[in-house]
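Protein chains in written order, with this note's numbering: chain A, 1 to 435; chain B, 436 to 613.
Not one of these hints is a red herring.
Some but not every residue of chain A turned toward chain B, in silico, with C-beta under 7 Å: (1) E84; (2) G88; (3) A168; (4) E182; (5) R185; (6) C244; (7) I331; (8) H352.
Simulated coverage check for chain A against chain B, where a stretch passes if three residues somewhere in it have a Cβ under 8 Å from a Cβ of chain B: (9) 89-95; (10) 247-254; (11) 342-351.
Everything labelled a hint here was simulated from the structure, so no lab data went into it.
Please read all numbers here as calculations on a predicted model, not as lab measurements.
For glycine and all other residues, C-beta sits at the position ideal for the given N, C-alpha and C.
Residue-level listing of the chains:
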Amino acid sequence: MGIKILTEFIDLPDLNRFEVYRKHGGYEAVEKVLKNDTPDHVLAEVKISNLRGRGGAGFPTGLKWSFIDKSTDKARYLICNADESEPGTFKDRYLMERNPHLLIEGMILASFALGVQQSFIYIRGELFYVLNILEKAISEAYAKGFLGKNILGSGFNLDLYCHPGAGAYICGEETALIESLEGKRGNPRMKPPFPAVSGLYGCPTVVNNVETLASVPWIVKNGGEAYSKIGIGRSTGTKLISACGHLKRPGVYEIELGLPVEEFIYGEEYCQGIRNGNKLKAVVAGGSSVPILPANLILKTAKGEPRLMSYESLQEGGFETGTMLGSGGFIVMDETTCIVKNLWNFTRFYHHESCGQCSPCREGTGWMEKILHRIESGQGKMSDIDLLADVAKNIEGNTICPLGDASAWPVRSTVRHFRTEFEKHLIEKRCPYIK
Amino acid sequence: MESSNTKEIKFSEESLEMVKGLIRRYPEGRQKSALIPVLHIAQAEFDGWLSPAVMDYVASLLDIQPIEVYEVATFYTMFNLTPVGNCVIEVCRTGPCWLNGSDDIIEHLEKKLNIKAGQTTADGMFTLKTVECLAACGNAPVMQVGVKYHEHLTTSKVDQLLDTFRAEGMISHTNPYT
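Build the full structure now, drawing on both the sequences and the hints.
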């Protein structure tokens, strides 16, 4: 097993209790920083670590923090994005449920670095039971002097609250999340201005994913350089991969970035291969939004090199033959899967979740859903395949937020790699997978 | 419609205290931020759905316009805008759950309850809803009842759960803050 930064103690019973977390080195990073370090020092360590946003975009965290507008007297906010809703992704839920104090500690450190005195955890409303676990941990942290006024006598103040959503995938987009936290519909905002300049209540705001913030205590304790040596190339550190679909052993795995995809799918320590002795057909490697790859291209790049679990290796070949690490939502499909029906299902999801602001997304996702439904149910025409790809192409890049792209990429990649399956549906006028 | 509209719309003392506490979490003048949390409590307290009268009451508590509440209540799928049964069953239908047989689970529930997804049983006991990804894909198929997740579903597990809900007189809309 590789190094564990986030999950070393995750199987300990009662890790969600303050004393248990504390006994295993918890809050030592906060003690160290508040006694000896400056906010700039924490920022520098995170920059050196090359930690990248774990929500899906992979943007360097230190750089994001450095954009926060310090030229104003306005309050600054840190928001943890715990709106985990990307199909195939269930890593943040696991982390928060088992180890809530790790996230709280990461948020204290990030708030200190950013000069933030009030921060929020925006958590999807369906996960209210996790919100209650977090709130219990937060009240323990207040009681022990790690939150509130004058933390550990340092003069640093921080309030931390949880805020539930109420069922809207779009609120994982950071400006929609901010709107939602202000008590509004989750409509993404036009950018610029970016949240670092004008975010919550028009104030400078940083939004980071759960896993990103939970990585900060280790970086502060062990140094950014130590973190940067884990992983491969510009993909430093570890990543939580939530594996699901037709696997023998689905679940959340913390992997060192750079692990070969083949080892992750088939290795004894990981997913142990495909269920029922079936063959691997396709993988969506980073949550439903990233391009789907057929078995040959997920295991090896088009150049024939082993594909690795890293930002760069999964992108190798661009959208023609590659994909993205995304959120780490790793969805595996075996040979029994109808890839057209799978795409119809995904597209229905995006249509359901489109906020409706931009017509290419609002209308386009609905058109794609209709076309796919007709192909899957044997009512389609051969020209529907190109029509589908054309609609997707016209959504991509033409919307305020990335939901449009997220709906288009699965469509374009499925048509690219599995065109013959669409044709089979159209020729046979039925789904060949329905016995 | 009966239920919420026939009784006085007013939070219990306990809920009212909770609402005041939630409003205090946000900066002064930003009480609208408490809207979603307060709507969750309102839905739990007023029979599992948000009637116009309940939404107006929430608007008055937060000192905002009723339209601001309607806008939000209609946007988020967890808010029910029509009456529901005592026990709302929400089954995930998205990709990874579908790969693991959520269609069969939904079909089974429709048969057992003799309703379609989106409907409520004649006795008012169950409402069946399909929902999008619940972030529990590794334990698919999955359904949610109240705050609780039920995972690794099979048709026999669903039967057992239904029996239990019936026997216990399950009410899924309880205050989610515990």
